[in-house]
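2 protein chains.
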Amino acid sequence: MSRHWPYPTNCLNTNLDRERVVVLGSGWAGYTLARDLDPKKYQVVVVSPRSYFVFTPLLASTSTGTLEFRTALEPVRSRRTKVEFFQGWADSVDFVTKTLRVEEAVENPWQAMALTADGREDQNANQLEQEKGAEPKKGKMFEMNYDKLVVAVGCYSQTFGTPGVKENAYFLKDVGDARKIRNRMLSCFETASLPTTSEEMKRQLLRFAVVGGGPTGIEFSAELHDLIAEDMAKIYPDLMQYYKISVYDVAEKVLSMFDDKLARYAIERFTREGIDVKTSHHVKSLRRGSPKKLQEADGDQVVKDDTSCYTLELQEEGEVGVGMVVWSTGLMMNPFISKSLAKPYTIPISSAAVETPSDAKSWNISTHPRSGGIMTNDRLRVIMQPSDQAKVGGKVNGRAIINDVYALGDCAIMENSAYPATAQVANQKARWLAKQLNRDTIDSNAFTYKDLGVMAYVGNWNAIMQSSGGDVSGRVAWLIWRGAYLAKSVSWRNRILIPTYWFVNWLFGRDISRF
Amino acid sequence: MSRHWPYPTNCLNTNLDRERVVVLGSGWAGYTLARDLDPKKYQVVVVSPRSYFVFTPLLASTSTGTLEFRTALEPVRSRRTKVEFFQGWADSVDFVTKTLRVEEAVENPWQAMALTADGREDQNANQLEQEKGAEPKKGKMFEMNYDKLVVAVGCYSQTFGTPGVKENAYFLKDVGDARKIRNRMLSCFETASLPTTSEEMKRQLLRFAVVGGGPTGIEFSAELHDLIAEDMAKIYPDLMQYYKISVYDVAEKVLSMFDDKLARYAIERFTREGIDVKTSHHVKSLRRGSPKKLQEADGDQVVKDDTSCYTLELQEEGEVGVGMVVWSTGLMMNPFISKSLAKPYTIPISSAAVETPSDAKSWNISTHPRSGGIMTNDRLRVIMQPSDQAKVGGKVNGRAIINDVYALGDCAIMENSAYPATAQVANQKARWLAKQLNRDTIDSNAFTYKDLGVMAYVGNWNAIMQSSGGDVSGRVAWLIWRGAYLAKSVSWRNRILIPTYWFVNWLFGRDISRF
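Which chain is which? The protein sequence lines are B and F, in order.
In terms of this note's numbering, the first sequence opens at residue 1 and continues consecutively.
In terms of this note's numbering, the second sequence opens at residue 1 and continues consecutively.
No lab work stands behind these hints, which were simulated from the structure alone.
Treat each hint with caution, since some may be false.
For chains that are exact copies, the list does not tell them apart, and a pair is met inside one copy or across any two.
To be verified - The calculated DMTMM-like cross-link candidates involving lysine to aspartate or glutamate, where the alpha carbons are at most 20 Å apart (straight line), are:
id: 1; residue 1: K292; residue 2: D306
id: 2; residue 1: K180; residue 2: E107
id: 3; residue 1: K138; residue 2: D306
id: 4; residue 1: K140; residue 2: E200
id: 5; residue 1: K284; residue 2: E268
id: 6; residue 1: K244; residue 2: D17
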């Protein structure tokens, strides 16, 4: 059933004297832009399968209980903004009629979960049933017009087709992932403390592997180590001899975005805390159950194929029994870009300004040859090119700009730029675009990124920080780290709750209730 | 696989100079007793399928977001107590050898959920899969000796065999239930705000039915009304015309434990707030989907069999389309009592003191003829009677006391008493028993219950309170209500967090993020 919008709906007051800006996505780019646009000037409508924004830098803290999950969330609907919201997947867009097809997704079973494939089609059904007990079912469709469209749908998690990772790894992209990680880690300890659990199985359950040596993987490892060293040590003293945290990365070094000095500092800290950092390591597969050698082994240490742990297979180490694998590496282009937006057009169309003419009949949006991201110009407007060249990128014969369609965030790449796919870039693009649209100054300005530096928490109240102001590491960097994220968090509600949890957990320890 | 305990397990330091007290259950009775027992005198071991204690009076607040879920929880394992813990179901007990068989339940899929039937056997598998995507699988077994056994396993939720209730109703017994209710209520509003949702479906989705007019049902209705009136009204202003809260009870009056005056005050408040209280109403069934009459109806208002809502069938009103039914009535005896403890014994056995001799060969624990609860004497010790009379209760020919087995909480009934199955009674019994065991004074004392009164929140910052000190209602009672529960909450962590959330939510409104 498809209904055209405006269709009698009471949650939306269509205001005809305003342009309607439809924002696809509620992440760093979409959520920020929607909040910054002037509601007097624009009717802002966010369409996203997720009803909230996640303050990603604090996810690792919530996954270990340093913070409560909700302190990293901001609902899109707020009594303090005029932003309108529909929970749904953008299904397709027509640049000619300027209409959008939306699939409603209120009961979206993947809500709060990292997506590793097109949720509505390829997502592993078993995994989904394990997690949510839900059947992949298509939601109702409805259509919607836009005056301006902003594509900020973000990326999925990349598993590089490694067998078993999609089904068995734990990701750290959304709050539901953080919740799964926290529950899993706690149940590993609880299971290890049972009299029915053998020594060898204790060792496996309490071996935690983190794949990916970027800031997320490093910060999660650091937070996990803090939790174990500060709290689990008091609650399960006799299990401390068994636990182990290992960080694996295919690259030769971790934290590659930091200077060698800071990266080395981080690794030294990890070594001192007993966290292994294994670079140039390759994951071959991940499956449920114990390593074969242990199943075959004799004696009391034998571990029958027990599904209570996982087996991580590494090219360099062979099979390793682990309690949990946290996968924090790689981005996969959102299928919405490659599938839904791939539709060819015949130019001229009203909304597209041809910059370099071409006699080509069929045109497509231009995508990045490697990442597959949408190419935009320095106004963040989507570029079109003749279909046969759309994937070439750079200067080609035939080029048009869709003036009322913008793309930003991890799914978009600005031409002639090498900005990383980070929250900082997404956030700056969103603030810049909102400002230009509010002031109608976009035609006289071009976006430029101002690198404010990078930070990472490395555990035991230490952090590293690199910026134009110079490098800082240790306790001071940690204080700046906390201060910065506290200042950056969106709502006053969270500005009150976050330090309260920091204080309460420092005083009494983190909560280990599992539900 | 069954292993005898002590078996090499590192989370337990068996201390042979202390008696081992095994406590079954982590609710008001079990958790309180375990904390109060002197660790220098006893080795306290809690066995429960749930790793935390739930402060039940605050559950309704957490289900509506007035408080964060964790503020109603206390983990059984704490760095501040010496209580040892195994997450498992007590499977069977042998009073002669004083051993206990435990089925480990760390991955217990029903963790945090109200049980409506024997979780490990009769629990509806579909429901379980819907909720947890888990297969009912039997956990490993291990055995354990006890010197003293305390049975405090509590009760299940009673659905009186009403068709569809077990599968489709929302309960409010554990924190997982509260979480489900909160997510469901929020998604009802989100779905109602979609352009694809018809007027009639909005009305159904936003009709919330509460079955059971006891304090829990009334407090939940009040909290739900507060949430809608204070927050949803600002976030979904155009949906306010559709919502409706109705409380159903089979009895002629609600809040029967209160004086008529206070009960009337509560009902007047509800009427003023637009909450229907429908007494003498009988639920016939509950199913997924819309009422038939609407599926058959014509025109734009037709609602095809849409699984997004439920149909509640009442003897008095016929089919009513609702967004959610919260079932807060009735207790069902824990199957552990009726099944696992039903094993017959041949007395004399060492641990049982015969008070009234009998030539009966087979003896059983004495259970209450109506509720099926374990009968105890005024020392909370379990009573045995000849099997053919075990269910008769009261004075019979043949009676013995098992000196080292105690029963308290909702699963136990003290003979010649009419104490209600409330947290207050369970809590007082636990405190009393801990005191007697710590001082070895149990043989010279008998338990008596001191009624401290009853309280209930009735919405809009008003409560009712009835105690020996007299009746109070309105704002003052509300202040006492909050003060009392704040004072009663177990940990300082929650004593800090609870008022923080009261304050933050009063200031900024409740959080509506759904995950």
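Do the hints match the structure? See the list:
1. In this assembly of identical chains, K292 and D306 lie within 20 Å of each other by CA distance solely inside one copy; the values are 11 Å within and 48 Å between copies.
2. Proximity of K180 and E107 under a CA criterion of 20 Å is satisfied in both settings, with 19 Å inside one chain copy and 13 Å between copies.
3. With identical chains, the CA atoms of K138 and D306 are at most 20 Å apart between copies only, with a shortest distance of 13 Å across copies and 36 Å within one.
4. In this assembly of identical chains, the alpha carbons of K140 and E200 lie at most 20 Å apart only when taken from different copies (17 Å versus 50 Å within one copy).
5. In this assembly of identical chains, the alpha carbons of K284 and E268 never lie at most 20 Å apart, being 28 Å within a copy and 67 Å across copies at closest.
6. Taking the shortest alpha-carbon separations for K244 and D17, neither the intra-copy value of 61 Å nor the inter-copy value of 35 Å comes in at or below 20 Å.
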